[in-house]
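Q: Now for the letters of each chain:
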Amino acid sequence: MTAKTTVKSGSFLSGLLRHQIVIPLAAILLLTLFNLIADPSFFRIKLGMTNAGNPVLTGNLITILDSGSELAILAIGMTLVTAASGGQDISVGAAIAISGSVILRILCGPPGAYSGELQAPIFVAFLAACAVSMIFGAFNGSLVAFFRIQPMVATLILFTAGRSIAAWINNNKLPIISDDRFSYYGGYLPGVPIPTPFFIAVICFVITWAILKFTNLGLYVQSVGINEKTSRLNGLNPELIKFATYVLLGLCVAVSGFIKVSRVSTLNYSVIAKDIEMDAILAVALGGNALSGGKFSMSASVLGAYVLQYLTTTLYKFHVKPESLSAYKAVVVILLVILSAPAVREKLSSLVKKLHSPASSAGQSA
Amino acid sequence: MSPAPFFYNEMKVNDMREASVLEMRGIYKSFPGVKALQNVDFTLRAGEIHALMGENGAGKSTLIKVLTGVYPMDAGEIQIKDKGPVQIHSPQQAQQAGISTVYQEISLCPNLSVAENIFLGRGEGRLVSWREMNRKAGTLLDSLGIRVKPTQQLASCSIAVQQMVAIARAVDMDCRVLILDEPTSSLDESEVEKLFHLMRDLRERGVGIIFVTHFLDQVYEVCDRITVLRDGKLVGEYEIENLPRVQLVSKMLGKELDDMADIKNNIPVYSEESFTPVYEAKGLCSTEGIQPFDFYIRCGEVNGFTGLLGSGRSESVRAIFGADKVTGGEVRVDGKPVKITKPIEAMRCGLGYLAEDRKRDGIIGDLSVRDNIILALQVKTGFFKPFSKAQATKFADEYIKLLDIKTASVNTPIKSLSGGNQQKVILGRWLLTHPKYLILDEPTRGIDVGTKIEIQKLVLKLASEGMSVTFISSETDEMLRTCSRLIVMRDRRVVGELTGDQLTQNTIMNTIAGGEKE
Amino acid sequence: MKARRIIAAMAAAALCSAFMAGCSNAGVNSQPAASEPANNEPASSEAVEPKEGDGLIKIGVINNDPNESGYRTANVNDLTKTFTKENGYDAEFKYSLKNDEQIGFAQKFIQDEVDYLLLSAADTAGWDSVLQDAKAAGVKVILFDRTIDADESLYEASIVSDMDKEGETAVEWLKGQNLDKYEIIHLQGVMGSAAQKGRSKALNTAADELGWTIVNEQTAEWSAEKAQQIVQSVIDSNQSFNVIYAENDDMAKGAVAALDKANISHGVGQDVIIMGFDCNQWALKELLEQRWNYDGQCNPFQSSYIQEIITKLENGETLDQKTIIMDEKGFDAATITQDDVDNYGI
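Chains as they are written, first to last, in the working numbering: chain D, 51 to 416; chain U, 21 to 538; chain Y, 643 to 988.
It should be emphasised that the hints constitute simulated quantities derived from the structure, not laboratory data. Mixed in with the good hints, there may be bad ones.
Stated by the list, open to error - One-sided excerpt, in silico: chain Y residues whose CB lies under 8 angstroms from chain D:
| # | residue |
| --- | --- |
| 1 | T811 |
| 2 | M833 |
| 3 | Q871 |
| 4 | D878 |
| 5 | D902 |
| 6 | A904 |
To be verified - As a list, the in silico DSS-like pairs of lysine-lysine whose alpha-carbon atoms are at most 27 angstroms apart:
| # | chain 1 | residue 1 | chain 2 | residue 2 |
| --- | --- | --- | --- | --- |
| 7 | D | K263 | U | K414 |
| 8 | U | K85 | D | K403 |
| 9 | U | K409 | D | K263 |
| 10 | D | K324 | Y | K839 |
| 11 | U | K481 | D | K403 |
| 12 | D | K263 | U | K85 |
| 13 | D | K279 | U | K426 |
| 14 | D | K404 | U | K103 |
| 15 | D | K403 | U | K55 |
| 16 | U | K379 | D | K279 |
| 17 | D | K397 | U | K405 |
| 18 | D | K397 | U | K435 |
| 19 | U | K55 | D | K397 |
| 20 | D | K404 | U | K55 |
| 21 | U | K481 | U | K421 |
| 22 | U | K362 | D | K279 |
| 23 | U | K55 | D | K279 |
| 24 | Y | K817 | D | K371 |
| 25 | U | K435 | D | K279 |
| 26 | D | K279 | U | K85 |
| 27 | D | K371 | Y | K927 |
| 28 | D | K371 | Y | K954 |
Just so it is clear, CB atoms sit at the ideal spot from N, CA and C, and this is done for glycine as well.
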């Protein structure tokens, strides 16, 4: 057939460009290159000690893996929600405030009662936070799935009310947990030099990977996101699937809320995880996933989250003027998002093909 | 010459007919890896209806897209009468050259009025007077014999009227060449008749019409000449009277063809009452407003629902499959009472349903061919039992081979396949679930002749292996070739059942038109 | 379908408002401890001369949402504790973070013919016409906590925190430490906010004049986690520093978390000096335990000042000045006592 006239390198490159994960990978490569040239000490990792005498690894790379964890975990849930419902949940920041407040409320007991003794085991608090977050996820999910409200509008309700709810849970108090065991989850386990949040993120990612591998979640979510009507005719229940993705996002929210609260052993409900919903959505977009739903790549989203953290850490490291910090971030993010937009990737890919094909057809005809 | 008035003098029309209004010479167009058009010539005379025929991938749409400025051509020349050679680089330039197109998917604004749609985007730099616009639109529609109020919202008109409004819009923009790309695929027969009336009227006025369709009957009903393309090359240009139907098909396929005859011989014969029904429904009705109806199908039987578009034939099969909300009726599968209110329940009972609208209800566009094939079976087997990639690929390969699906690989997104191949993938999806009873609603719409015949043959083969099939098609001859029993519907109720000797075009027409059940 | 959506929207709205109601109630009723200092103040808290009628002075209070911050919660609690029936006031409280909603509340209060309108405006602009209405209706306006862009004649008094002064007090304290070298990490609040501008200005001026090194100056947007990351990045790049000047307590806490992780000592007599603002109770405890060095107050207890003004006006006196700047303290870990923590912690 005449159809196969492209050379291997061209088709390989263009095929690669078509692949979602390329953009976040390229972004990491670029940032790495920039840092290597600007200041190679960026990559130095040292073994140090904490005040408590624990050995810890420190360095910018460790900071990235550590601080990017919550965002990566959120990106997992946000990817599923985006893929299934073609919209985003903008209430995750507020929901983190809620789940964090629940943890504090369970650990410290009724407001004012806390005296340094934990009132409940940590895992009970964590499970309670999971339950509450999933209930709020279910609330969002039912608005989107059963009442067919635009995801952004549906989640706007919790976005507006969430931080007030969080404040109400602890009666506007900001209890601080002094028990060291609680700080393990946002810091270091005794004797382990790698930050715990990174482990938690890895565990979340492995569980997600296993779920995608050993169930049909991926196929169902993508089918529903691409064509709801067809999915229904093929025996799926699109409402239930959309609903489920919001509940799963609720679970991710609880986990990242747990890490966030553990980091500083308290939370400020008006500031905690502020604007993290936008970063989570950005991570999904950076991963090259269409925000209108449909096909997704989980690893690309998670990488997208770490790209954002990489970028933030780089900007902090180079002491960018505080007034222009957000502007720098915005410029880089816009570039990346444009490059990772499916339409642009398609164009780039065919451009590469074009650049290679004249040479190949010349070779063929000769 | 001053801009040609649209209404030509009566005297001139005869001269115009002989003169070519559009000439395309030596058109080349290739895409990376594909030579879509090679040295194609095309001539359109003023005042003729010219069919452009070819299988999917023959180059019809590429030729039209080159002509309308959607794609630039690699080489060649386009001449328009009185304008000489023209360069067409954009749809706007095509419009200026007097070339107008009406696509299969109507590209008007459904929420605007008919008049607004006709004049939209043609503001001559002044304020719109609504009354003036509506009056002008009314005159135009009257002159074309289209009966619709200019102020009516377009969405509330039937598809046929929408199509005609699109044509009116095209015609009013001083067009000499009107391209109709599959205009009839979503129209029922009376609507098609109205459209043909309009086309003939335009022909009398000296407009050259390029008509792209899959319906052979329609070609022979309205067209004057036929140009056949195959594999991007010109096969030939024929006067309609010199090209019998069979020859046309064989030219399109590039081989001598007596498949039609083959099929007829294959119709299986049943002995009455020899099988218990695989599926049986009594008093079935749904929220879509069909009257309660009784229905059964036996093992190995092929039957069909027929009736005009909107008669309720699709709604009936949707009720059988549980695709719409079922509001009443008793259902038995293999003699046992079952409840089918959702597609998944139907699937568990061994039913399969290929929906009418492939794009909306059939394909999952961005997913791969493999995922599209395994989807139904995967849902049936359950959430916690995904197939391994190897297993899924094996399934997909099996049906790609069985159905001769043309795809680069199992990973290709289904949306990049041609219509016929998409349809085959969906067919494969349902065959993979090994249904006892398969419902095919318009499986051959909008796909090329070759595939149509393949699908008809496949249906009969499956039936001979014991599968029950309900087949719905707008083309009566296709139904006649495949079905041994036809249920006729009118106004959302079953009005007759035809078997044996009753299966002729005439009986069907009479039953549809109002002849009572015998 | 449409009906379904409407029901959904209504259900959502109902739920939402139920939550909101629950929250604001909670905000008002809680925290008896925090407002005690108001009563400790020596100011004129004796009962005001009763007026005719029910004898109560009718006031309308428009404040920002108590959930906005710990500062605001303390502020709201202080006001609600003071303006009670027992103290001779018939007070109504309205909360919103939105200027136009606040203006609506103001109009309502004017219609209700309150005697005094106490206002902490969400935004500085847009108050002229409603305050003119108030003046015409004989309603006396007292601004607290925040100023507005309006003619001085439209209000009786304005009680404000001087953020510049807060910064200056803190920087004076820092100068007084007489360190060999000053290498400072400066953690800023949300850029452009009044607190950020005031607290940054003093430090920047001093750094210029005295040649202090600002190792890193970055906005952590009031957030502990961001502050932690910023300090972490300084540690990771091996830069030395001996002062962390955080513009609120949360950011100071985040910074300390980063130091703890890197085994850098902090507090009184240690390697790094920690400075925070706002005087959260937990922050003052850190001072008490010598882990932090300094915390600057942003006084949320304005009720005593307001009460004093109302008393004066009721007695027909005139005010010496329209703008009243509150006393604000800075606490040094070396001198702080448990009483300070109890009285001034918010």
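Q: Kindly indicate which numbered hints from before are broken by the structure, ordering the numbers from low to high.
A: 1, 11, 12, 14, 17, 23, 26, 27 and 28
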